[in-house]
Amino acid sequence: MRMIFLSFFVALLFVWSSVAGAAPDDGSSPVAVTDDFDQAFNDDFDEPALILITDPLEIVNRGTFWLNDKLYFYALKPVARVWRVVPRDGRQVVKNFFTNLSSPLRILNAGLQLKPAGVGQALSRFLINSTFGIAGLFDVAGKWGITKVDEDFGQTLGRYGVGSGFYLVLPLLGPSSLRDLGGAVVDDFVLPGNLVDLRLSLAEQVALRGGLAINDLSLDRDSYEKLKRDSLDPYLFLRASYAQYRTAKIQK
Amino acid sequence: MRIIGSLLVLLFCASVALAQLSPQEQIKKMVDDVLVILNSSAALETKKQQVSGMVQKYLGIHELAKRTLGIYWKQARKDELAKFEQLYIRLLENTYLNRIGDYSGGRVDFLQERIKDDKAILDTLVVNDKMEIPVQYKMVLKEGVWEIYDVNIEGVSLIRSYRSSYSEIVRKNGFDGLFAQMEKKLSEAQLTDQP
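Chains as they are written, first to last, in the working numbering: chain A, 1 to 252; chain B, 1 to 195.
Hints in this document: simulated from the structure, not taken from any laboratory.
Take the hints with a grain of salt, since some may be wrong.
Simulated pairs of lysine to aspartate or glutamate, DMTMM-like, Cα-Cα distance not exceeding 20 Å [unchecked claim]:
| # | chain 1 | residue 1 | chain 2 | residue 2 |
| --- | --- | --- | --- | --- |
| 1 | B | K172 | A | D233 |
| 2 | A | K143 | B | D109 |
| 3 | A | K228 | B | E188 |
| 4 | A | K148 | B | D129 |
Work out the full structure: start from the sequences and follow the hints.
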């Protein structure tokens, strides 16, 4: 699921506003220049070496990356294409329902990071969507402007100073790191936040997650294909983007 | 008569001063111009050609190329740099021209514009029916034009990802290896372009 989400996200990197429409919000005006402004330009182009994440297992990781690529094109994608016989709205409902069920996980992780605003936002989303959204089938809160809070245990660890560790490409799951893999294990097996997992055996969980990954893929617009088409070396590009994406998430 | 003459000169100067657009006005103009083309009934190939000339004047190609190569910019020979820039422009162009076929409506909201001397950061939100994506532009003022030299989406800097990949390739395979890879990518793009 993570792989699909990430490949989806990375493809967004290429969304240049130049190919989207325009409706300017004229209320904006130049504001005071803040410290982070200078910091944003501190990105010296000639900094000695830009190592965003270490990758001692590159040979193994590239092998897994190759395997995931083949799985994507020859197994997951064809199944997702068949699944598209279900209307888009129906597939979105499936996604909404399971996303809502995993809300406690995000509330918990926001709490562990001592982010009261995040807890409030995730909690109100959970309450609104579970009631007005009919058990989470519809993202009513999102329509009201309460957006999803993306927190996981990997970020919680990062928040408390745990470094990413080396880069990992997991079979089926895609880009990760030592820290984020540990975080995912805690999220999925230790924390009581994912309501989906409570009554399911391991085999059922695996089947469900596979199904959800297919569902996500059916909603996605060929993000991985675009990533592959546009980057010189998709492996390197995804690695750099993953590292930056996680760092930004932890800082947020 | 002389008064009218000096008035004309004054007016001319004023209009030159006004001609310089703010970062936001400039991105808005670029987006609007591109949108006119995208919404026209022209063929995809025609659209690509029209957009190509339009977007390139807003991209700080030199800055982008420099930041993509990182430390290797200084280590490279003159002819290597020239070759790199030439290939890089074409790759970059392929990347954004490929987006044209993907376009399916949406709009750009301008959130915040920060300017300090010759540098600017512009925060925008790309909105379509499915999602909202925060997109931040970093720009540098060059000869009266705010040139884009980085695009940052949700904390991921495009140029950092480029630099990380390109410098890794140069480190391992040298410039010749990099050029070979770039040329291969360009020829692949040409193949898929054919109907």
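Agreement of B/K172 and A/D233 with the hint, judged by alpha carbon distance not exceeding 20 Å: Within the cut-off at roughly 13 Å; holds.
Under the criterion that the straight-line Cα-Cα distance not exceed 20 Å, is the pair A/K143, B/D109 satisfied? Given pair A/K143, B/D109 holds - Cα atoms ~17 Å apart, limit 20 Å.
Between the alpha carbons of A/K228 and B/E188, is the straight-line distance 20 Å or under? With Cα atoms ~11 Å apart, A/K228 and B/E188 stay inside 20 Å; holds.
What's the verdict on A/K148 and B/D129, does the C-alpha distance respect the 20 Å limit or exceed it? Holds: A/K148 and B/D129 sit about 16 Å apart, inside 20 Å.
In summary, the structure agrees with every hint in the numbered list given earlier.
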